[in-house]
Structure formats: C-alpha cells, structure tokens
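Starting from the known structure of chain A, arrange chain B on it as the hints suggest.
Protein sequence lines, in the order shown, are assigned to chains A and B. Heads up, the first sequence is in the working numbering, so the first residue is 48 and it goes up one at a time. Heads up, the second sequence is in the working numbering, so the first residue is 39 and it goes up one at a time.
No lab work stands behind these hints, which were simulated from the structure alone. Note that beta-carbon positions come from the ideal geometry of N, C-alpha and C, so glycine has one too. Among the hints, a few may not be true.
[Stated by the list, open to error] Derived coverage of chain A by chain B (criterion: at least 3 residues anywhere in the stretch with Cβ under 8 Å from a Cβ of chain B; other residues may be distant): (1) 92 to 104; (2) 128 to 141; (3) 145 to 151.
[Said to hold, decoys possible] Computed Cβ-Cβ distance ranges for the label pairs, DEER-style: (4) 89/B <-> 65/A: 40 to 46 Å; (5) 89/B <-> 107/A: 31 to 37 Å; (6) 130/A <-> 103/B: 36 to 42 Å; (7) 121/B <-> 101/A: 42 to 48 Å; (8) 66/B <-> 130/A: 29 to 35 Å; (9) 151/A <-> 105/B: 29 to 35 Å; (10) 130/A <-> 82/B: 25 to 31 Å; (11) 96/B <-> 107/A: 31 to 37 Å; (12) 96/B <-> 130/A: 29 to 35 Å; (13) 141/A <-> 95/B: 14 to 20 Å; (14) 100/A <-> 77/B: 33 to 39 Å.
[Said to hold, decoys possible] Each computed SDA-like pair below joins lysine to any residue, with the alpha-carbon atoms no more than 25 Å apart: (15) 89/A <-> 138/B; (16) 91/B <-> 148/A; (17) 76/B <-> 52/A; (18) 76/B <-> 130/A; (19) 78/B <-> 95/A; (20) 105/A <-> 151/A; (21) 89/A <-> 47/B; (22) 89/A <-> 49/B; (23) 89/A <-> 126/B; (24) 78/B <-> 96/A; (25) 158/A <-> 78/B; (26) 78/B <-> 57/A; (27) 89/A <-> 133/B; (28) 89/A <-> 125/B; (29) 79/B <-> 52/A; (30) 79/B <-> 141/A; (31) 78/B <-> 48/A; (32) 69/A <-> 79/B; (33) 60/B <-> 93/A; (34) 79/B <-> 154/A; (35) 47/B <-> 86/A; (36) 78/B <-> 148/A; (37) 118/A <-> 48/A; (38) 78/B <-> 94/A; (39) 89/A <-> 41/B; (40) 89/A <-> 122/B.
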Amino acid sequence: GENVEQHPSTLSVQEGDSAVIKCTYSDSASNYFPWYKQELGKRPQLIIDIRSNVGEKKDQRIAVTLNKTAKHFSLHITETQPEDSAVYFCAATQYNNNDMRFGAGTRLTVKP
Amino acid sequence: DTEVTQTPKHLVMGMTNKKSLKCEQHMGHRAMYWYKQKAKKPPELMFVYSYEKLSINESVPSRFSPECPNSSLLNLHLHALQPEDSALYLCASSQAGGRELFFGEGSRLTVL
Numbered sequence: 048g049e050n051v052e053q054h055p056s057t058l059s060v061q062e063g064d065s066a067v068i069k070c071t072y073s074d075s076a077s078n079y080f081p082w083y084k085q086e087l088g089k090r091p092q093l094i095i096d097i098r099s100n101v102g103e104k105k106d107q108r109i110a111v112t113l114n115k116t117a118k119h120f121s122l123h124i125t126e127t128q129p130e131d132s133a134v135y136f137c138a139a140t141q142y143n144n145n146d147m148r149f150g151a152g153t154r155l156t157v158k159p
Numbered sequence: 039d040t041e042v043t044q045t046p047k048h049l050v051m052g053m054t055n056k057k058s059l060k061c062e063q064h065m066g067h068r069a070m071y072w073y074k075q076k077a078k079k080p081p082e083l084m085f086v087y088s089y090e091k092l093s094i095n096e097s098v099p100s101r102f103s104p105e106c107p108n109s110s111l112l113n114l115h116l117h118a119l120q121p122e123d124s125a126l127y128l129c130a131s132s133q134a135g136g137r138e139l140f141f142g143e144g145s146r147l148t149v150l
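Next comes chain A alone, as it looks inside the complex:
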C-alpha cells in the first residue's frame, strides 16, 4: 500500500490565522487524496478530498492543493476557529482502490 508522510505532527495557531499541513506520497499511480478530521473522542470524518485531475479544490475556509510532479499535497485552513482544533489525517490511494492508509496525523490547536 501507499506510504504517506505528514508534517508537522503538531501545529498551534492563533484564532484567525491560517494553518497548513503537508503530505507527501511515493506512488505516482495514486490519484485520490482525502483529508479526515478527528475531534477528541470522535470518529474520523472526511472534510475534503481531491482527485489528480485538478490542482486545487476549495470548500469555504478549507482548501487542498496537489502537486503531482513533486508528489505532495497540502491542506489549507484559513481564518481558523477554536472548533478547528482536532487531529487531521491525510491519505493517498487510487480511485476504486480499497487500500486506504493514513498519514501519521497532525494535531492542530487553535488558541482563542
């Protein structure tokens, strides 16, 4: 399965600032890149995903960018709020492939 490296492992920002989390992958055949958010004591939930036929996708304050050449993709959160505090996991796989493995996770803390 695909191995994904995720950085940083922890990130602390002030409310209203932006946060960026980066992931790199190794398999050039990977074409589906989801991001999951897991709040403390809760289940992981998909917040945004991107397929390799686009370079960027936005959903309100959240965006994901993909650089296929460099094999990395990033999650961008703007105007952070305390409720954005959670652990974020990236993954990389092939569309229609069941092998979904996660990066090590980034613990984001947004300070009021």
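Chain B alone, transformed into the frame defined by chain A:
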C-alpha cells in the same frame, strides 16, 4: 441513513475469552473496513471486504478473525487476545474503493 453502527461501544475481556465486534451499515456500500487505532496514532488498516469478499488482510494475527455475513454486516471475532491489542477498533464503509470512508464511533477494547 448515513450511519455506521458499531456494537459494543466498550468491551473488556480476558486473554482467554472469545468475543465479537459488530458493524452495520445500510447505505448500500460495498466496501467495509476494520481499522485499529491506538492513542495518538492514526487508524491502522486491518481488513477490507469488497463485495463481501476479503480483499485486504494486513498480516493481522489470527487471533483476529473477520467475517462479512452479508453486504450490510461486518464482524470481527476476537480470541486469545493480548493486552497490547487494547485499542479503539473502527469500522468504516464506502461506496467502493478510493471513495469517502464513513466511520462508526468505534468499539473500545480493553484486554486484561
């Protein structure tokens, strides 16, 4: 119905016990997953069923035995577990591979 339901929510068992974790979804999803999550770690893929057939087995010890009786149900049979198997066991389902995973709330297992 967009829920994945897991039972029990909590389970305490001795090393000689036999128990089962259950997972159910009624979204018509054809892929179902078991993940193991230790504290402050990402979900770790254990098994994947696709169209009721085991498609991925991540070299999980035989004391964990998955079963998919039908397209809506997924079981994880536990026998002779070790204390290090204590973790949160997450079930997930997806429409197909490489798509959004819908997670259950998890079953927190403690092995004494």
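Hint check results:
Using a Cβ-Cβ cut-off of 8 Å, 3 residues of the region 92 to 104 of chain A lie near chain B, which meets the minimum of three, so the contact claim holds. For the region 128 to 141 of chain A, the assignment as covered by chain B holds, since 3 residues bring a beta-carbon within under 8 Å of that chain's beta-carbons and 3 suffice. Proximity of the region 145 to 151 of chain A to chain B, defined as three or more residues with a beta carbon under 8 Å from a beta carbon of that chain, is established by the 7 residues found. Between residue 89/B and residue 65/A, the C-beta spacing of about 42 Å keeps the proposed range 40 to 46 Å intact.
One distance hint, 31 to 37 Å for the beta-carbon pair residue 89/B and residue 107/A, holds here, with the actual separation near 35 Å. For residue 130/A and residue 103/B, the Cβ-Cβ distance of about 39 Å falls inside the hinted range of 36 to 42 Å, so the restraint holds. Between residue 121/B and residue 101/A the Cβ separation comes to about 46 Å, which falls inside the hinted range of 42 to 48 Å. About 31 Å separates the C-beta atoms of residue 66/B and residue 130/A, a value consistent with the hinted range of 29 to 35 Å.
Checked against the hint of 29 to 35 Å, the C-beta distance between residue 151/A and residue 105/B comes to roughly 30 Å, which is consistent with it. For residue 130/A and residue 82/B, the hinted distance range of 25 to 31 Å is satisfied, since their beta carbons lie about 27 Å from each other. At roughly 35 Å, the beta-carbon separation of residue 96/B and residue 107/A lies within the given 31 to 37 Å, and the hint holds. A hinted range of 29 to 35 Å holds for the C-beta pair residue 96/B and residue 130/A, which are about 33 Å apart.
In this structure the supplied range 14 to 20 Å holds for residue 141/A paired with residue 95/B, their Cβ-Cβ distance being about 19 Å. About 37 Å separates the C-beta atoms of residue 100/A and residue 77/B, a value consistent with the hinted range of 33 to 39 Å. The hinted pair formed by residue 89/A and residue 138/B meets the criterion: a straight-line CA distance of about 17 Å does not exceed 25 Å. Restraint check for residue 91/B and residue 148/A: satisfied, since their Cα atoms lie roughly 19 Å apart, inside the 25 Å limit.
Under the criterion of a C-alpha separation no larger than 25 Å, the hint pairing residue 76/B with residue 52/A is consistent with the structure, at around 18 Å. Taking the CA atoms of residue 76/B and residue 130/A, the gap is near 23 Å; set against the 25 Å cutoff, the hint holds. Distance check on the hinted pair: residue 78/B and residue 95/A sit about 22 Å apart at the alpha-carbon level, within 25 Å; holds. Note on residue 105/A and residue 151/A: the hinted pairing holds, with a Cα-Cα distance of about 23 Å set against a maximum of 25 Å.
Distance hint between residue 89/A and residue 47/B is fulfilled; the C-alpha atoms sit about 12 Å from each other, no more than 25 Å. Only pairs whose Cα atoms come within 25 Å are accepted, and residue 89/A paired with residue 49/B is accepted, the gap being roughly 17 Å. Restraint check for residue 89/A and residue 126/B: the C-alpha separation of about 11 Å stays at or below 25 Å, so the hint holds. A C-alpha spacing of about 23 Å is found between residue 78/B and residue 96/A, which places the hinted pair at or below 25 Å, so the restraint holds.
Distance check on the hinted pair: residue 158/A and residue 78/B sit about 20 Å apart at the alpha-carbon level, within 25 Å; holds. Proximity of residue 78/B to residue 57/A is assessed by CA-CA distance (about 11 Å); at most 25 Å being required, the pair is judged to hold. About 22 Å separates the Cα atoms of residue 89/A and residue 133/B, which keeps this hinted pair within 25 Å; it holds. With a C-alpha separation of about 14 Å, the suggested pair residue 89/A and residue 125/B falls inside the 25 Å cut-off, and the hint holds.
The straight-line distance between the Cα atoms of residue 79/B and residue 52/A is roughly 13 Å, inside the 25 Å bound, and the hint therefore holds. With a C-alpha separation of about 23 Å, the suggested pair residue 79/B and residue 141/A falls inside the 25 Å cut-off, and the hint holds. For the hint pairing residue 78/B with residue 48/A, the CA-to-CA distance comes to about 22 Å; that is within 25 Å, so the pair holds. The straight-line distance between the Cα atoms of residue 69/A and residue 79/B is roughly 17 Å, inside the 25 Å bound, and the hint therefore holds.
The suggested pairing of residue 60/B with residue 93/A holds, with an alpha-carbon distance near 22 Å, which does not exceed 25 Å. Simply put, residue 79/B and residue 154/A have alpha-carbon atoms about 11 Å apart, close enough for the 25 Å limit, and the pair holds. This hinted pair checks out: residue 47/B and residue 86/A have alpha carbons roughly 17 Å apart, not beyond 25 Å. Distance hint between residue 78/B and residue 148/A is fulfilled; the C-alpha atoms sit about 16 Å from each other, no more than 25 Å.
Proposed proximity of residue 118/A and residue 48/A is supported: the alpha carbons are some 16 Å apart, at most 25 Å. Of the pairs offered as hints, the one joining residue 78/B and residue 94/A holds, with about 20 Å between alpha carbons and a cut-off of 25 Å not exceeded. Only pairs whose Cα atoms come within 25 Å are accepted, and residue 89/A paired with residue 41/B is accepted, the gap being roughly 14 Å. At most 25 Å may separate the alpha-carbon atoms for a hinted pair to count; residue 89/A and residue 122/B meet this at roughly 22 Å.
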